[in-house]
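S.K.: Listed below, chain by chain, are the residues.
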Amino acid sequence: MTLRYEIGALECRYGMRTALRIEPLGLNAGELTAIVGPNGAGKSTLIKALAGLLQPVTGEIRQAGIQLHRFSDRERARRIAYLPADSRLAWPLTARRVVELGRLPFLKPLSKPSAQDQDRVDDAIERAGAAGLTDRRFDALSSGEKARILLARALATDAPTLLLDEPAAALDPRHQLAVTQLLKTEAERGVCVVITGHSLELVSRFADRVLVVDEGGIVADGAPDEALRPDILKRVFGLNAPGGVPRLDWSLA
Amino acid sequence: MRDFRIVAGLVGLCGIAAIAGLFAGGFPVSEWLDGEPAARLILIELRLPRIALGFLVGAALGISGAGLQGYFRNPLADPGVIGVSASAGLGAVAALYFGLAAMSGLVLPAMAIAGAGLGGVTLLLIAGRGATATTLILSGVAVGALANALVALAMNFSPNPWALSEIAYWLMGSLANTSWTDVKLATPLIAFGGLVIWSTRRDLDALTMGEETARSMGVNLRGVQIRLIAGTALAVGAAVAVAGAIGFVGLVVPHLLRRFVGHEPARLLLPSALGGGALLVLADTATRILSGEGIALYLGVTTAMLGVPFFFHLVRSSARQAP
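These protein sequence lines map, in sequence, to chains V and U. If you read the first sequence in the working numbering, its first letter stands for residue 227, the second for the next number, and so on. If you read the second sequence in the working numbering, its first letter stands for residue 42, the second for the next number, and so on.
Everything labelled a hint here was simulated from the structure, so no lab data went into it. Computed from a predicted structure; not experimentally measured. A few of these clues could be false.
[Said to hold, decoys possible] Sample of chain U residues with no beta-carbon within 12 Å of chain V, all distances over it, derived:
#1 Arg46
#2 Gly53
#3 Ala80
#4 Gly111
#5 Phe113
#6 Ala186
#7 Leu248
#8 Ala255
#9 Ile267
#10 Gly303
#11 Ile330
#12 Ala337
#13 Leu338
[What the hints assert, rightly or not] Pulled a few chain V residues facing chain U out of the computed Cβ check, cut under 8 Å:
#14 Leu294
#15 Arg296
#16 Ala303
#17 Arg305
#18 Tyr308
#19 Leu315
#20 Ala316
#21 Leu319
#22 Leu330
#23 Lys334
#24 Leu336
#25 Pro339
#26 Asp343
Beta carbons are placed, not taken as given, at the ideal position from N, Cα and C, and that holds for glycine.
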């Protein structure tokens, strides 16, 4: 298991309000790490900081020993693919074109996407379960279909680190399961996958590691059974679950 | 080339506009065919530079409108909203007001371009580092309002009615009395400005997904802002310098053409330049045809009068489709 992220003691603020303050930790390549917590706990802040989009007031985040902000913009974009929770698009591009944008960090200044780029795009569309949507206009898709196209965009980058903010939020149960399985497979290929989400059942079944975030701090960190234990569920989520999170035993029909 | 048809169609339209511009409005065709020198002179020294400049000005407005709409992710953006047109106008008005324009034909254009540059720098300074599209557009409105207020001040303090009318007519925009000197002055600036805008094309595509996603895809927002504002200041500054303030082209042309390029900001840039050029040459031709004896119509007036009804139609028809 190789370390992908070395994170120092971090503090992130929006204006004067501290949104996140955490102790040092590391994140591994080849693992599916899930960040869970109630609304406003700091999940998105943490994932944005990992993406290098939010400069912490104090503390450093490193990949391969190098601070994130020391990478050139393009280099960082090749290493880290980030999918925000917001699925709006300014212009109604075709769905395939949206996925193709995932290859932008690799395009040379004057050249067109290569055959290899196109293969990556096709492959990402296939894996995200978005085949059949590609010729449609993005604004004509349902929110779940949009989510799959945007996921395909992030996958098309083929980055060794994949950060996804609520990738399953808009999806129906079958696609939630399919996408989470896909992310698990990505992790098994050696990608460092970090997701946020609210489906504790899916997280507890598929995640290798769970970070429970509450009020801007990490209150539990470990394997799903350990991090999502009854006292944490009660204190953080306000749930009475004496038996912990029930195991999902669904599979794709 | 994916957009071959739309580009070829627009090039054809430019050709038609140029031919219409050459021969419409009482060109002595038979004398010209007889090889009479006066007719040749009209063609080479009056009509051709006017058409060339019309194309250049329209192209500058079209491409910067397309670039800014892409950056702001808003079909209402045009060179006016970042205050660059108004700043260029202020430079020119200052040249007229202080009587500097009479010194040399180059003073007014130079001051207009300087005004555009100053406006662009002020905009970047006000907006500051880490500016979002919203702060930039608000700063642009502030810069534009300040420039317009100073223009009004100059008109307020005009020493006499003639000076006032000179400023007022100049502000309406015109391609009358165009010479090859204007074309030589505007060409490199507009071409370079257009190239600078074109260099942001992939960033504009990435920005379709919002500023945060674009940043995660390696887009340097500050760099894009600087390039877009610098490119617009160069191209539109030069356009205003030689033709006065001409509105509407930068707004309407990208909007008209967007549906033909799959709504992609990058693919919209070149067609918008061509379409802007064609539209302005046609509008100028219409201006000449409609102008009667002694009453000269101004180009800025025609572009708006011709464009607005068409634009209304477009807005209404696109409102029925998905956003």
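S.K.: Does V:Lys334 meet its interface restraint, that is, does its C-beta lie within less than 8 Å of any C-beta in chain U?
M.R.: For V:Lys334, the interface hint is violated, since the closest Cβ of chain U sits about 11 Å away, which is over 8 Å.
S.K.: If I take the minimum Cβ distance from U:Ile330 to any residue of chain V, is it greater than 12 Å?
M.R.: At about 37 Å from chain V, U:Ile330 clears the 12 Å cut-off, so the statement holds.
S.K.: Are V:Pro339 and chain U close enough, Cβ to Cβ, to be under 8 Å, as the hint says?
M.R.: Constraint on V:Pro339 not satisfied, violated at 11 Å.
S.K.: Given a cut of 8 Å on the nearest C-beta pair, is the interface hint for V:Tyr308 held or broken against chain U?
M.R.: Interface hint status for V:Tyr308: holds (4 Å vs cutoff 8 Å).
S.K.: Take the shortest C-beta to C-beta distance between V:Leu315 and chain U; is it under 8 Å?
M.R.: Holds, because the Cβ-Cβ distance from V:Leu315 to chain U comes to roughly 6 Å (cut-off 8 Å).
S.K.: Could you check if V:Ala316 really has its C-beta closer than 8 Å to a C-beta on chain U?
M.R.: Hint on V:Ala316: holds, closest Cβ of chain U at ~3 Å, below 8 Å.
S.K.: Given V:Arg305 as an interface hint, is the shortest Cβ-Cβ distance to chain U below 8 Å?
M.R.: violated, 10 Å
S.K.: With 12 Å as the threshold, tell me whether U:Ala255 passes as away from chain V on beta-carbon distances.
M.R.: violated, 9 Å
S.K.: Taking the shortest Cβ-to-Cβ distance between U:Ile267 and chain V, state whether it exceeds 12 Å.
M.R.: Holds, since 14 Å exceeds 12 Å.
S.K.: Checking a non-interface call: every C-beta of chain V should be farther than 12 Å from the C-beta of U:Arg46. Is that right?
M.R.: holds, 17 Å
S.K.: Is the hint on V:Leu330 kept, meaning its closest Cβ partner in chain U is under 8 Å away?
M.R.: holds, 5 Å
S.K.: Using the nearest Cβ pair, does V:Leu319 come within less than 8 Å of chain U?
M.R.: holds, 6 Å
Hint compliance for this structure: hints 4, 5, 7, 8, 10, 14, 15, 17, 23, 24, 25 and 26 are not met, and every other hint is.
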